[in-house]
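> These are the residues of each chain, in order.
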Amino acid sequence: EAGVTQFPSHSVIEKGQTVTLRCDPISGHDNLYWYRRVMGKEIKFLLHFVKESKQDESGMPNNRFLAERTGGTYSTLKVQPAELEDSGVYFCASSTTGGSTYNEQFFGPGTRLTVL
Amino acid sequence: GNSVTQMEGPVTLSEEAFLTINCTYTATGYPSLFWYVQYPGEGLQLLLKATKADDKGSNKGFEATYRKETTSFHLEKGSVQVSDSAVYFCALRGTNDYKLSFGAGTTVTVRA
Numbered sequence: 017e018a019g020v021t022q023f024p025s026h027s028v029i030e031k032g033q034t035v036t037l038r039c040d041p042i043s044g045h046d047n048l049y050w051y052r053r054v055m056g057k058e059i060k061f062l063l064h065f066v067k068e069s070k071q072d073e074s075g076m077p078n079n080r081f082l083a084e085r086t087g088g089t090y091s092t093l094k095v096q097p098a099e100l101e102d103s104g105v106y107f108c109a110s111s112t113t114g115g116s117t118y119n120e121q122f123f124g125p126g127t128r129l130t131v132l
Numbered sequence: 016g017n018s019v020t021q022m023e024g025p026v027t028l029s030e031e032a033f034l035t036i037n038c039t040y041t042a043t044g045y046p047s048l049f050w051y052v053q054y055p056g057e058g059l060q061l062l063l064k065a066t067k068a069d070d071k072g073s074n075k076g077f078e079a080t081y082r083k084e085t086t087s088f089h090l091e092k093g094s095v096q097v098s099d100s101a102v103y104f105c106a107l108r109g110t111n112d113y114k115l116s117f118g119a120g121t122t123v124t125v126r127a
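Each protein sequence line maps, in turn, to chains A and B. With my numbering applied, the first sequence covers 17 to 132. With my numbering applied, the second sequence covers 16 to 127.
Same shape as in the complex, but just chain A (with noise of 0.2 Å):
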């Protein structure tokens, strides 16, 4: 069973352009979550999708991203325009909804953006 896929595995775009990230998960798992890791600090919660439908968005971080997950499948996180302080590693998690539970969370490798 293929695992979590991420594309591209690096980014570097300067300051202002436009930058589209893709996630494709796990086949089978409803739930999908993106995190961030900035300058080496502690990865922080995103987003998370259930199916198509954004379940919880609060940890966007404001109005230049965006996240899609057109026909419950694979998922998109654009940065538009992109500023200086976006570069990190975004992770793209999956994940089954086991009766009351959330179960485990399996990762992508992650695509590091840099911007100049």
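Derived by calculation from the structure, the hints in this document are not laboratory data. One or more hints might be untrue.
[To be verified] The calculated lysine-lysine pairs, modelled on DSSO-like cross-linking and capped at a C-alpha distance of 27 Å, are: (1) B:64 with A:57; (2) B:83 with A:60; (3) B:75 with B:64; (4) A:94 with A:31; (5) A:57 with A:31; (6) B:75 with A:57; (7) B:71 with A:70; (8) B:64 with A:60; (9) A:67 with A:31; (10) A:60 with A:94; (11) A:57 with A:94; (12) B:83 with B:71; (13) A:57 with A:70; (14) A:60 with B:71; (15) A:57 with B:83; (16) A:31 with A:60.
[Said to hold, decoys possible] Have a look at the derived ranges for each label pair, beta carbon to beta carbon: (17) A:56 with B:16: 17 to 23 Å; (18) A:78 with B:93: 41 to 47 Å; (19) B:29 with A:73: 43 to 49 Å; (20) A:88 with B:44: 27 to 33 Å; (21) A:69 with B:29: 28 to 34 Å; (22) A:75 with B:61: 19 to 25 Å.
Keep in mind the model is a prediction, meaning the values are calculated, not measured. All C-beta atoms in this analysis are idealised placements derived from N, C-alpha and C, irrespective of residue type, glycine included.
Let chain A serve as the given structure and place chain B on it in line with the hints.
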């Protein structure tokens, strides 16, 4: 809110040395606690977990015990190998929650 504080790195050890990475947390209720590991070029992997007080999680020679009285979940391994070189993250998930709260990560390098 929930938060995790873990020992800052980087940590450099020789093979067969003892490894401890301290982790303490702040949370209401009874969170579940986790250690994740990220090997070079790979994604985060769940290393071990504990879901209630006094539980001990263990995997690949690593252990951590959920200590509610000290709000800690320290990671230990008695004899590290070069292949244990990685970044280790302590994390918690609140009761009936789905979000993970992570510590800042500790980079461990094991030298032969």
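> Please write out, lowest number first, the hints stated earlier that are contradicted by the structure.
7, 9 and 21
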